[in-house]
Structure formats: structure tokens, C-alpha cells
Amino acid sequence: EAGVTQFPSHSVIEKGQTVTLRCDPISGHDNLYWYRRVMGKEIKFLLHFVKESKQDESGMPNNRFLAERTGGTYSTLKVQPAELEDSGVYFCASSQAAGGPLHFGNGTRLTVT
Amino acid sequence: GDSVTQMEGPVTLSEEAFLTINCTYTATGYPSLFWYVQYPGEGLQLLLKATKADDKGSNKGFEATYRKETTSFHLEKGSVQVSDSAVYFCALRGYGSSASKIIFGSGTRLSIRP
Chain A
460 EAGVTQFPSH SVIEKGQTVT LRCDPISGHD NLYWYRRVMG KEIKFLLHFV KESKQDESGM
520 PNNRFLAERT GGTYSTLKVQ PAELEDSGVY FCASSQAAGG PLHFGNGTRL TVT
Chain B
-5 GDSVTQMEGP VTLSEEAFLT INCTYTATGY PSLFWYVQYP GEGLQLLLKA TKADDKGSNK
55 GFEATYRKET TSFHLEKGSV QVSDSAVYFC ALRGYGSSAS KIIFGSGTRL SIRP
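As you go down the protein sequences, you meet chains A and B in turn. So for the first sequence, the numbering used here puts the first residue at 460; every next one is plus one. So for the second sequence, the numbering used here puts the first residue at -5; every next one is plus one.
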């Protein structure tokens, strides 16, 4: 089966611009998660979708970040406007059950200059 | 809140050396514990896990034992190979309302010299 895929793999944007990251989970996985790793620190939870609904968005850093999962399939994470501290690697993961094993994508490396 | 602390890297070893990467955690109740690995250019992969005290997770020659008394889950391998070079993350997952999140440590970069 195809794994979790993320686009783009790398993105370099200027401060103040907008970037949209995309995640395609494994087919049939209702649970979709976003995480990010900033500056080589720990990987931090951002939010959790169950189908198209946000189950837990307690990790979203501020209102410049908007995540959507229309139709309960792929998800997008938009950063608008981007700031320097948003640079890092953004990981997406999916699972069939909420407590089930997570399957991670390769991540999107975002650099804000 | 729940947290994971793991030894800072980078760690550089010669091939066939013994590896230990320390990991301790803070959590209420009885979390599940994990080690994830990220090989260069790839995503995170689950390496091993343990779901209750005294459980030992193992995979690819790596082992880790869930120690409730010391709140630890140290990763060990008896003889490392160049192909083990990667970043290793210790992690935990609570239950109930905390089960949706996995809490990760900061990662330890391991480099193995031929």
C-alpha cells in the first residue's frame, strides 16, 4: 500500500509570504496528525483530525496556522503570514484507529528567510 | 504535563560498538513507550514499543525495557552497524484524552564510523 505522502518536500519562502503544505494519508485511515520539529528540538504535536473533524488542535501555535481536511481525505496546513520561527520540518502521520500505530510521511522542510 | 527527556547527541561510535541512548519520561498513569527512528531522507518509523512495566521491546537488534521504578526506556544495541546511522526519538503516548498525542523527545543523532 502507498504510505503517507507529503508535498512539497522542501519549501523556501520569505517572511510574510504564505505557504500551504499538503498531506495524503494512507487510504482508509480516518485519523490524521500534524507534527513539527523546529530547530532540532523535540517533535511537537500540532493537531489531530478524525475524518474531517478537528479532534484536538491544542498544539497549534497561533492563528497564523490553519489546517483543513475537507472530505476527510487529504489535509492541508497553511501558514499565513509566515514568520522566521516557523522554519522547521512538518510531519504528517495517519492511523486507522485513534490509538493505533502512526505511519509518518517524510516531512516537509520549511525555511522562512 | 507529560514529557520525554533523552540524551543529547550527536553520538559517534565505531562499528560493532555497544550503544546506549538514555531516555526518561514524566507521565501520569501508565503510558505506552516508543522508540522511533528517522533514517536520512526518510520519515519517522516505529522501531520498537512497550506498553506496560517490565515489557521489553525489540527490533533489528535494538532493545528497550519499560522501567516504571526509574521512569526510563533506554535504547540499547550490542553491536552497531553503519546502517544504524540515523536520528532516534524516544516517545510516549498516554491514554484517555491524551491518547491522541504522541509526546516526543528532542532526538539523538547517531553516526557510526566504519
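Since the hints were derived computationally from the structure, they do not count as laboratory data. Heads up, some of the hints might be wrong.
Claimed, not checked - Derived EDC-like pairs (lysine to aspartate or glutamate); straight-line CA-CA distance at most 16 Å:
{"hint": "1", "chain 1": "A", "residue 1": "Lys537", "chain 2": "A", "residue 2": "Asp489"}
{"hint": "2", "chain 1": "B", "residue 1": "Lys62", "chain 2": "B", "residue 2": "Glu36"}
{"hint": "3", "chain 1": "A", "residue 1": "Lys503", "chain 2": "B", "residue 2": "Asp(-4)"}
{"hint": "4", "chain 1": "A", "residue 1": "Lys474", "chain 2": "A", "residue 2": "Glu544"}
{"hint": "5", "chain 1": "A", "residue 1": "Lys500", "chain 2": "B", "residue 2": "Glu63"}
{"hint": "6", "chain 1": "B", "residue 1": "Lys62", "chain 2": "B", "residue 2": "Asp78"}
Hint check:
Proximity of Lys537/A to Asp489/A is assessed by CA-CA distance (about 21 Å); at most 16 Å being required, the pair is judged violated. At roughly 32 Å between alpha-carbon atoms, Lys62/B and Glu36/B are farther apart than 16 Å, so this suggested pair is violated. About 12 Å separates the Cα atoms of Lys503/A and Asp(-4)/B, which keeps this hinted pair within 16 Å; it holds. Distance check on the hinted pair: Lys474/A and Glu544/A sit about 10 Å apart at the alpha-carbon level, within 16 Å; holds.
As the CA atoms of Lys500/A and Glu63/B are separated by approximately 27 Å, the hinted pair breaks the 16 Å bound. Proximity of Lys62/B to Asp78/B is assessed by CA-CA distance (about 28 Å); at most 16 Å being required, the pair is judged violated.
The structure shown violates the earlier hints numbered 1, 2, 5 and 6.
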